[in-house]
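Since the structure of chain A is provided, determine the placement of chain B on it from the hints.
Protein chains: 2
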Amino acid sequence: MKKYSKKKLPLDKTRSLLEPGPIVLVSSQWKDDRSIMTMGWHAMMGYEAIGCYIWDANFSHNLIKKSKQCVINLPEKHLLETAIAIGNTTGADIDKFAEFGLTAEKGRKVQAPLIKECYANFECEVIDTRLVNQFNFFVLQVVAAQSAISPKYPETFHYRGSGVFMVSGENIDRSKFFTPEMLDG
Amino acid sequence: MKKYSKKKLPLDKTRSLLEPGPIVLVSSQWKDDRSIMTMGWHAMMGYEAIGCYIWDANFSHNLIKKSKQCVINLPEKHLLETAIAIGNTTGADIDKFAEFGLTAEKGRKVQAPLIKECYANFECEVIDTRLVNQFNFFVLQVVAAQSAISPKYPETFHYRGSGVFMVSGENIDRSKFFTPEMLDG
Chain A
1 MKKYSKKKLP
11 LDKTRSLLEP
21 GPIVLVSSQW
31 KDDRSIMTMG
41 WHAMMGYEAI
51 GCYIWDANFS
61 HNLIKKSKQC
71 VINLPEKHLL
81 ETAIAIGNTT
91 GADIDKFAEF
101 GLTAEKGRKV
111 QAPLIKECYA
121 NFECEVIDTR
131 LVNQFNFFVL
141 QVVAAQSAIS
151 PKYPETFHYR
161 GSGVFMVSGE
171 NIDRSKFFTP
181 EMLDG
Chain B
1 MKKYSKKKLP
11 LDKTRSLLEP
21 GPIVLVSSQW
31 KDDRSIMTMG
41 WHAMMGYEAI
51 GCYIWDANFS
61 HNLIKKSKQC
71 VINLPEKHLL
81 ETAIAIGNTT
91 GADIDKFAEF
101 GLTAEKGRKV
111 QAPLIKECYA
121 NFECEVIDTR
131 LVNQFNFFVL
141 QVVAAQSAIS
151 PKYPETFHYR
161 GSGVFMVSGE
171 NIDRSKFFTP
181 EMLDG
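Just so you know, the protein sequences line up as chains A and B, in that order.
For the first sequence, position 51 (counting from the first letter as 1) is numbered 51 according to this note's numbering, and the numbering increases by one without interruption.
For the second sequence, position 151 (counting from the first letter as 1) is numbered 151 according to this note's numbering, and the numbering increases by one without interruption.
Just chain A, same shape as in the assembly (with noise of 0.2 Å):
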């Protein structure tokens, strides 16, 4: 397994990771159960807030509610597979960390576990519940962040449904057409 040496990442560089859209891989915990669950329907709020939509079918759902808390853990392609079997099964039958063989670290912040293998990890607090009941939507806020320190650019995996993914591409820098104040993260 890749292994990556990493670095407290400033919490408004959350959007250089997030905002492309990757697959994450959402950890919890409450009390003695924790789970990994798979995730794609996540959106950055401003350059520390997040939010996302957590099916109360999952459950995660109850181990976030419950505990306040998750990390969300980024993926590159070596764990595509890992990821897709993830998703593939609950929590409620069986320690996600021990089946896929996956690491599960302190975090500084939160008592949920973080995702060693994974590139980037967001420790986050649920800042506001007032869509969950509706929409299953939570807002979190993140409290820490670290990432990779190589590779410069992670190469994530995105879903496009029907059991296809995309694998992040080549990177085209146009900087040139922002102000310096516009260039903030």
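If you are wondering where the hints come from, they were derived from the structure by calculation, not from laboratory data.
Predicted model only: the values in this text are computed from it and were never measured.
Hints should not be assumed to be uniformly reliable.
If several chains are the same, the list does not tell them apart, and a pair holds so long as it fits within one copy or across any two.
[What the hints assert, rightly or not] No more than 30 Å apart at the CA atoms, straight line, and that leaves these computed lysine-lysine pairs for DSS-like: (1) Lys-3 / Lys-176; (2) Lys-2 / Lys-176; (3) Lys-77 / Lys-152; (4) Lys-8 / Lys-65; (5) Lys-66 / Lys-152; (6) Lys-176 / Lys-116; (7) Lys-176 / Lys-68; (8) Lys-13 / Lys-77; (9) Lys-66 / Lys-2; (10) Lys-65 / Lys-152; (11) Lys-65 / Lys-13; (12) Lys-176 / Lys-66; (13) Lys-106 / Lys-176; (14) Lys-176 / Lys-31; (15) Lys-116 / Lys-152; (16) Lys-176 / Lys-109; (17) Lys-176 / Lys-65.
Below, chain B alone, put in the same frame as chain A:
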């Protein structure tokens, strides 16, 4: 400018185009004012609803708030420079359709204009505004959608921050790991 032949898209296929996290162009109109904004902060909320963070500093914010409608348009790579220019100007000063040579097309369900030069168009109505005051976050319901007949997968671009864009890369088919009822979109 690239031209597409389009077909109606079943509403629950919206996720197949927006879940990967592409930059989109949001068009809106209120009375005689219309505008377009560039957006990367959006999430699927189920199969037919979309959550969008639209800053109140954006000219489009009020057009959408007042009309309770907008259109999410999906551009391909050939519109990257146009999307940057749209993001770096304000509809308070210019008509962006005229300024950037884009064609405003009449929608089937909403008054806001569609952008003909985009790969897909999602006509949306605002269905929840509880998070608008605090978070600038609108919940939209897709009420009509159309997409290009080809290519099968659009060449989208995604924002990595700091003026750098990621273009969608290779597709990996892992449908063999999903049961038929999981292959929903």
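Here's how the hints hold up against the structure:
no., hint, verdict
1, Lys-3 / Lys-176, "between (34 Å within a copy, 28 Å between copies)"
2, Lys-2 / Lys-176, "between (35 Å within a copy, 25 Å between copies)"
3, Lys-77 / Lys-152, "both (15 Å within a copy, 22 Å between copies)"
4, Lys-8 / Lys-65, "within (27 Å within a copy, 38 Å between copies)"
5, Lys-66 / Lys-152, "neither (36 Å within a copy, 42 Å between copies)"
6, Lys-176 / Lys-116, "between (36 Å within a copy, 28 Å between copies)"
7, Lys-176 / Lys-68, "neither (41 Å within a copy, 35 Å between copies)"
8, Lys-13 / Lys-77, "both (21 Å within a copy, 24 Å between copies)"
9, Lys-66 / Lys-2, "neither (33 Å within a copy, 50 Å between copies)"
10, Lys-65 / Lys-152, "neither (34 Å within a copy, 39 Å between copies)"
11, Lys-65 / Lys-13, "both (26 Å within a copy, 29 Å between copies)"
12, Lys-176 / Lys-66, "neither (46 Å within a copy, 35 Å between copies)"
13, Lys-106 / Lys-176, "neither (40 Å within a copy, 35 Å between copies)"
14, Lys-176 / Lys-31, "neither (50 Å within a copy, 36 Å between copies)"
15, Lys-116 / Lys-152, "within (18 Å within a copy, 36 Å between copies)"
16, Lys-176 / Lys-109, "neither (37 Å within a copy, 39 Å between copies)"
17, Lys-176 / Lys-65, "neither (43 Å within a copy, 33 Å between copies)"
Checked against the numbered hints above, the structure violates hints 5, 7, 9, 10, 12, 13, 14, 16, 17; every other hint is satisfied.
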